[in-house]
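Visitor: Construct the complete structure from the given sequences, taking the supplied hints into account.
Heads up: the sequence shown begins at 1 in our numbering, then just goes up one per residue.
Treat the hints as calculated values from the structure; they're not laboratory data.
Quick reminder that beta carbons are idealized off the backbone N, C-alpha and C, glycines included.
Some clues are possibly wrong.
As the list claims (entries may be wrong) - 25 angstroms max Cα-Cα, derived SDA-like pairs, lysine to any residue:
{"no.": "1", "residue 1": "Lys-444", "residue 2": "Val-467"}
{"no.": "2", "residue 1": "Lys-603", "residue 2": "Glu-33"}
{"no.": "3", "residue 1": "Lys-362", "residue 2": "Gly-445"}
{"no.": "4", "residue 1": "Lys-444", "residue 2": "Lys-497"}
{"no.": "5", "residue 1": "Lys-448", "residue 2": "Phe-368"}
{"no.": "6", "residue 1": "Lys-603", "residue 2": "Leu-92"}
{"no.": "7", "residue 1": "Lys-498", "residue 2": "Asn-509"}
{"no.": "8", "residue 1": "Lys-549", "residue 2": "Leu-261"}
{"no.": "9", "residue 1": "Lys-603", "residue 2": "Asp-499"}
{"no.": "10", "residue 1": "Lys-444", "residue 2": "Tyr-454"}
{"no.": "11", "residue 1": "Lys-318", "residue 2": "Ala-79"}
{"no.": "12", "residue 1": "Lys-336", "residue 2": "Lys-359"}
{"no.": "13", "residue 1": "Lys-603", "residue 2": "Lys-258"}
{"no.": "14", "residue 1": "Lys-497", "residue 2": "Lys-549"}
{"no.": "15", "residue 1": "Lys-506", "residue 2": "Leu-479"}
{"no.": "16", "residue 1": "Lys-603", "residue 2": "Leu-422"}
{"no.": "17", "residue 1": "Lys-322", "residue 2": "Thr-89"}
{"no.": "18", "residue 1": "Lys-336", "residue 2": "Lys-506"}
{"no.": "19", "residue 1": "Lys-506", "residue 2": "Arg-46"}
{"no.": "20", "residue 1": "Lys-344", "residue 2": "Ala-79"}
{"no.": "21", "residue 1": "Lys-549", "residue 2": "Ile-380"}
{"no.": "22", "residue 1": "Lys-359", "residue 2": "Lys-132"}
{"no.": "23", "residue 1": "Lys-258", "residue 2": "Tyr-354"}
{"no.": "24", "residue 1": "Lys-326", "residue 2": "Leu-92"}
{"no.": "25", "residue 1": "Lys-8", "residue 2": "Glu-33"}
{"no.": "26", "residue 1": "Lys-341", "residue 2": "Phe-504"}
{"no.": "27", "residue 1": "Lys-498", "residue 2": "Ser-419"}
{"no.": "28", "residue 1": "Lys-132", "residue 2": "Met-162"}
{"no.": "29", "residue 1": "Lys-293", "residue 2": "Gly-149"}
{"no.": "30", "residue 1": "Lys-497", "residue 2": "Ile-380"}
{"no.": "31", "residue 1": "Lys-318", "residue 2": "Lys-8"}
{"no.": "32", "residue 1": "Lys-444", "residue 2": "Phe-368"}
{"no.": "33", "residue 1": "Lys-506", "residue 2": "Ile-588"}
{"no.": "34", "residue 1": "Lys-359", "residue 2": "Leu-241"}
{"no.": "35", "residue 1": "Lys-448", "residue 2": "Gly-416"}
{"no.": "36", "residue 1": "Lys-344", "residue 2": "Ser-81"}
Claimed, not checked - So the derived label-pair ranges between C-beta atoms look like this:
{"no.": "37", "residue 1": "Glu-347", "residue 2": "Asp-290", "range": "55 to 65 angstroms"}
{"no.": "38", "residue 1": "Ser-158", "residue 2": "Gly-445", "range": "31 to 41 angstroms"}
{"no.": "39", "residue 1": "Leu-374", "residue 2": "Tyr-44", "range": "51 to 61 angstroms"}
{"no.": "40", "residue 1": "Asp-124", "residue 2": "Asp-290", "range": "27 to 37 angstroms"}
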Amino acid sequence: MKETSFIKQNKKKWARFEKLSGKGNNDPDEVSELFTEITEDLSYARTFYPRRSVKVYLNQLSQGVFTSLYKQHKQPISARSFARFWTQTVPLEMYRSRVNLLTAFLFFLLAAVIGGVSTYYDIDFVETVLPKSYISSTEQRIADGDPMGVYGEQAQGSMFWMITINNVRVAFITFAMGILASIGTLYMLLRNGVMLGGFQWWFYLKGLGLTSFLAIWIHGAFEISAIVIAGAAGLTVGNGLLFPKSFTRVQSLVFSAKRGLVIMLSLVPFFVIAGFLESYVTRHYQTIPDFVKWVIILGSFSVIILYYVVYPFIVARKYPEKVALKQVPRFIPKRKINRYKIRKVGEIFTDTFYVFMSKAGKLSQLFFVLMFPLCIGLGIYIYLDDASRFNWNLTWFENLGTLFGTDIDFRWYKFGGWSAILGMLISAVYYVFNLPDDDEELFKGYFKFLVRHYIWLLIYSTILLSVFIFVPGGFMVLLIFLTPFFNMIPSIIVMEKKDFFTAFGKCFNMGKGAYADALGSFLVFLLITSIFFFVLANPMFDGEIGLLKLLDDLVEYFTITVTPNYQIIIMAVNSLVYILFIFLMLSIYFMSFSFNYYSSTEKLTARGLYERLKQFGKRNRSF
1 MKETSFIKQN KKKWARFEKL SGKGNNDPDE VSELFTEITE DLSYARTFYP RRSVKVYLNQ
61 LSQGVFTSLY KQHKQPISAR SFARFWTQTV PLEMYRSRVN LLTAFLFFLL AAVIGGVSTY
121 YDIDFVETVL PKSYISSTEQ RIADGDPMGV YGEQAQGSMF WMITINNVRV AFITFAMGIL
181 ASIGTLYMLL RNGVMLGGFQ WWFYLKGLGL TSFLAIWIHG AFEISAIVIA GAAGLTVGNG
241 LLFPKSFTRV QSLVFSAKRG LVIMLSLVPF FVIAGFLESY VTRHYQTIPD FVKWVIILGS
301 FSVIILYYVV YPFIVARKYP EKVALKQVPR FIPKRKINRY KIRKVGEIFT DTFYVFMSKA
361 GKLSQLFFVL MFPLCIGLGI YIYLDDASRF NWNLTWFENL GTLFGTDIDF RWYKFGGWSA
421 ILGMLISAVY YVFNLPDDDE ELFKGYFKFL VRHYIWLLIY STILLSVFIF VPGGFMVLLI
481 FLTPFFNMIP SIIVMEKKDF FTAFGKCFNM GKGAYADALG SFLVFLLITS IFFFVLANPM
541 FDGEIGLLKL LDDLVEYFTI TVTPNYQIII MAVNSLVYIL FIFLMLSIYF MSFSFNYYSS
601 TEKLTARGLY ERLKQFGKRN RSF
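Guide: In C-alpha cells, the structure reads:
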C-alpha cells in the first residue's frame, strides 16, 4: 500500500484518538480499541515506511498514552495557602529561629561598634572597608554641600532595579554562606557591620552624624534589617549542618536549608520596598522634613519588629501544636530510567539531575584520582611559565585567560593539555552514565573504555575547545542553535561504537529528531550555568562582589601576614574553584546530551515504545 493511501485510510481514526486522548471524560472502551489499532498501524508503518514522517507521528501519538499515565497534575496556589504562608509558616519559622535571629543581631551590632570605634581612633580606617574612590567622591560632595548626593546621581528606574537586585544578592550570599558551618554567614555579618559602623562614625566625625543617619536609614531600616534576618536564616542552615541530632548531616542540612529558604522568601517584599525608598525617596533627603524622615525610619523598624519578633510569639502561642517540626527524611526510591523515551525539556532536566546524583560518587572518583592531578600539574606548569610576565593580581577574566589559554594568552601546550583532559572527562561521563550500579570494576572498566573511544572523543573535545577559544563571541550565539546536532556526536561514538567522522555525518539526521527539546534543555542548563557563575565571579562588577571575592578575602586575611606572595595563593585557589566548577557543569551537560540522543533515537526507531508495549497491562509484583 502506498503511504498516501495508508494515511488517507486511517487519518480519521488517528484524529479521533488524538481528540479523545486529550480529554478526561471519554469512553475507555473506545480509547482502548483505538489505541490497539494505532499500535498496529505503527508496526505497519515501521515495517513499510521506516524513514517517513507518518511513523514518527504514530510513535509520538502512542507515546502520549504512556506519558499521560505518569503525568502529575500541579496544584494551583490558592489565596488561602498564600495567606497561610504569611500568617503561619513564616512567623512559626521565625519563632523556631529566634535564637539565631538574636545571635545575628548581636553579632552585627558588635561588628558595627567595632567599625565605629576603629574609625574613632583612626579616621583612615574607613578606607580599609570602603573603596578610596568612594571616600574621596563623598568628601567632594560634602565640600559641595550635598553629602548624600550619591543617591541622586542615577535615573530612578535603573537605580531601583540595580539596588534591589544588589540587596537580594547580598542577603542571598549571607544566607548561602551558612553552609560553611555558619562561619561564612558570620563573616558576612561582620563585614557589613564593620562597614556600616565605620561609615556612620566617619560622617559623625565630619559633623554630619544626624544628617547621614536620617538619609541612610530611610531605606536602611528595611535593608539592614533584612540582612540581619538573612543572617539568621544562614545560621539556621549552618546549625543544621553542625548539629544534625538524630539525622544524618545531609538530611539535617536539607531540612535546615528549607527552613532558611522560607525566611529568605519572606524578605523579598522588603527588599523591593527598600530599593524603592532608596531610589525614589532618599534622593530627596534635603527637602523632606526631618519629621517625615523619622516617621519613615521608625515606621519601617516597627514593621520589622512586629512581624519578625513580636508576631511569631503570638502565632506560636495560638498554634502550640505546630511549633515542633515533625521532620521525616524523604525516602527516594531508586527508579529505573527508561532511556529510550521521547523526553520534553522538563524530563531531560529532571532525569539528568537524577542520574548525575546517582552517579556522582563514581564520576568523582575518576575525576579526582585521574584528571584532577593532571589539572593541578598543568596549572602549576602554566603559572610557572607565566610567572615572569604577570604581577599575579589578575581579574577573574585575566585569570581564566591565563589558565585555559583563551585569546588573552593562547599557548599551544595549554590547548593540547586541556583538550586531553577534557577528552578524559567526556569519556568518564559517558562511561559512568552507562555503568551498572553494581559494577565494582570502575577503573579497570574505564581504561578499557578509553582504549575503545578516547581517540574519537579527543578529536571531539579538541574541536569543542577550539570553538571556545577561536570563535568570536557574536558567532558563539549562532553556534548555540547548532548544539542539538553537534551534541549527538559523542553519544553516537559511544552508544553506536562509531568513529568520529561517521558520527559527524550522522549527527545532523539524529539532531533533527529532537531539535526543539535538545535546544531547550541546553538553554536551560546554559542559564543555570550563567546564574551560578554570576554568583561565583559576578563578571558584571569585575568579580568584586561575588562569592569568589569573599573567598579571596578570607584567603588574604589568613595568608597576608604569612607570606608576601599571598596573591599567588589566591590565584591558585581561584583556579581550583574554576576547575571544579567546569567539571561539575560539563558533567551535567554531557549527561543531558545522552538523554537527547536517546530521545531522538526513540523518535526515529520507537524501540523503547515496543519494549514497553510488551509489558503493557502486566502488574509489577513489587508494586
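Visitor: What hint numbers does the structure not satisfy?
Guide: Per hint list: 1, 6, 13, 14, 16, 18, 20, 22, 30, 31, 36 and 38 violated.
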